[in-house]
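Novice: From first to last, the protein sequence lines are chains E and D. Each step along the first sequence adds one to the number in our numbering, with nothing skipped, and position 189 is 185. Each step along the second sequence adds one to the number in our numbering, with nothing skipped, and position 360 is 356.
One or more hints might be untrue.
Since the list gives no way to pick out one identical chain from another, each pair is judged satisfied if it fits inside one copy or across any two copies.
To be verified - In silico EDC-like pairs for lysine to aspartate or glutamate, Cα to Cα no more than 16 Å straight-line: (1) K277 with E227; (2) K372 with D71; (3) K277 with E353; (4) K277 with E159; (5) K351 with E182; (6) K277 with E309; (7) K231 with E196; (8) K357 with D261; (9) K277 with E213; (10) K231 with E165; (11) K231 with E274; (12) K231 with E353; (13) K357 with E241; (14) K277 with E401; (15) K357 with E42; (16) K277 with D381; (17) K372 with E309; (18) K357 with D41; (19) K357 with D383; (20) K231 with D381.
For the record, the hints were derived by calculation from the structure and aren't laboratory data. Remember, predicted model here, so these are calculated numbers, not experimental data.
Listed here are the chains, written in short residue letters.
There are 2 protein chains.
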Amino acid sequence: MSVREAGRVSRVVVTPVAFRDPPLLNVVGVHQPYVLRTIVQVHTDEGLVGLGETYADQAHVERLEAVAAALPGADVFDLHALRRIVGETLGAATGGAGASFGGMLEVSSAVDTVVSPFEVALLDLQGRATGRPVSDLLGGAVRDRVPFSAYLFYKWAGHPGHEEDAWGEGRTPEQLVEQARRMISEYGFTAVKLKGGVYEPRHEFETVEALAAAFPEHALRIDPNGAWTVETSIKAADRLSGLLEYLEDPTPGIPGMAEVSRHTDLPLATNMCVISFEHLKPAVAADAVQVVLSDHHLWGGLRRSALLGGICETFGMGLSMHSNSHLGVSLAAMTHLAAATPNLTYACDTHYPWKTEEVVKPGALEFSGGSVAVPKGPGLGVELDEDALAALHEQYLTCGQRAREDTAYMASIVPGFTPNTSRW
Amino acid sequence: MSVREAGRVSRVVVTPVAFRDPPLLNVVGVHQPYVLRTIVQVHTDEGLVGLGETYADQAHVERLEAVAAALPGADVFDLHALRRIVGETLGAATGGAGASFGGMLEVSSAVDTVVSPFEVALLDLQGRATGRPVSDLLGGAVRDRVPFSAYLFYKWAGHPGHEEDAWGEGRTPEQLVEQARRMISEYGFTAVKLKGGVYEPRHEFETVEALAAAFPEHALRIDPNGAWTVETSIKAADRLSGLLEYLEDPTPGIPGMAEVSRHTDLPLATNMCVISFEHLKPAVAADAVQVVLSDHHLWGGLRRSALLGGICETFGMGLSMHSNSHLGVSLAAMTHLAAATPNLTYACDTHYPWKTEEVVKPGALEFSGGSVAVPKGPGLGVELDEDALAALHEQYLTCGQRAREDTAYMASIVPGFTPNTSRW
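Make the full structure from the sequences, and use the hints.
Specialist: Okay, here's the thing in structure tokens:
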């Protein structure tokens, strides 16, 4: 393994890309034809390049560009300085990061989401310089492989006006069982998550029951993204408690989740009411959730996500991992983080099977038995395919999307559609 | 800066040492003639040596020796493996670490205290290999200098049977003002802490008032180590609230501290009722303390202390730093940790001025203006003086002490003495 100087940041390249995505349904609408992501390349004066990946709605890309201009000269080990630079660069304009999440989430500051890809890139650089995998820089891998979960979606057969995609329609319990069967067969997943919040609750309960009957050995979860009332959530917990390992975000908000929690022993998980450090104190005080889904894109990078892990351990909460649609740079970062987080005992979410395009060279990250082996090479362990990056950037330029807008896209197809939040 | 392979642990040397200490008074008795510490040297197969420092009561040294025998082969970057090795080595015998603290504290597991010096040594090794100061490995120094606090003690003029020490008697408010004046003159401290719990409260209040009158620009604190009842603590808070930046451990236990807290706006600090991660949840729930004193010796090393810092920030508590009597290896570790902890905004405690013997080569750590410059060289930035180490180890062998026993030593001089805990 070669060991060398990391150097200082000399240049940062921010590249928005777009990759094709099936019409996956959720509480706020439906996935658009393309997922927007940004690939960040941080160069140093010692000739190294570190990689990061994040969201790519227009406002976010503009913030990334501003930080990219301010970062040259920074020490790749000085992560606190990165945070300071981001704060100073964003200045007062730190609000409104919610667009990255399709309208589902709102965080009060953009600092954590803007820091994240640069922090990952600096850790990648530290690893490349010291000859160490990123997991070593986070305290060492406690597992050689990181288990992920199958992530099922209700879906249309294809985007309107386009031909049917390879997965076909996913509407009935039988179709979702078939979707799960194919995903498990190809990836080996031992846990299965169903994205709900799309149909009336009874239909989604029946889907869970069909999945449980078909896969009695698999750990099951459903996440309706807050589509249900407290009353419906309590009924769901009663009906499904023997089938689920946790129930994710049945209803919106800390008070609502706390009320559901008081009525069930089924662990409640969240990626909606606790998505920032400021939410932890009120959530703990209310005993609103028993499992927090980490997400390094949202929580400010890998070290801040490790902090979240330590907080969950200290306050007696479980830890799982959330996913948005992502490419291989993020999958590598998620894998290193999960490997180095001892109390991350649930299989992590990933949208990976839905993806048909990629920016990293193949071979570094392969699924087997539902898990990914932690790369043992320096840094994240992935390399960009420059041709693929250029092609997906070109696709970004021509696709016409500049933000994630699940609701507007759905309303363009189903006139009058509004999100299902607390609908049932 | 040279950059090289760190290698794997090849050999660990555990050396208990003893250094002279004045008769400093506290709630459980008086400091013995010698402070016992252990210096840990972790060697790697690449020829590097990393340093750590910890307590040295007999039971603790035996645990350190057991871990030292189990550690060879470990990767210096695998801090999670260190924790696993310590847990496995201690097995069921993890309780009763309290003796290290003179009878004042009790923690339910020895794992954190045993991990600590090895973790510091591994971080020192990581820094030596990568050419980076330990503060960089903790996310980067956010300050170039770390402010420390003067630490005043009531004291006898000398140990019974020995001649008067250089500081003389410290009993009256006037004598403590003089002690502070000398310490401030020599070190430049801008904060002053008085160790109380020795005399009846009115005498200690008057000492604080005399210090406030003599040093109106200095930040003041008093720490009676739980010598007072809740009622007395509330009176103390009323009387001293305009003079103190915080009141440390006026009364024992989370419920007592919470009761005091409900009656005052003066921040309450602790190094007694919150000294382990398991204490954080109940302390937060009770709003028992507003400032937690970190201590990497007690909390499991530098990274676990950084976690504590993140928890304090997340849950709206302030962060300061505790000290036991220590040598230069610990001072270096404390300085790097404090430099890399953004929300450590209080001056750190240190017993450093009371010390007349040392094991590290001079020059790396100098006080100026009450603060210590963060070493910029690789690792901790301190080197052992092998002759001094040998001499202080010889002193350990001959001094006759094998544990910290403030109460027994006091009782040997003042027959019938028992600790002052909740006495007044």
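Novice: Which numbered conditions among the earlier hints are violated in the structure presented, ordered from lowest to highest?
Specialist: 1, 3, 4, 8, 9, 10, 11, 12, 13, 14, 15, 16, 17, 18, 20
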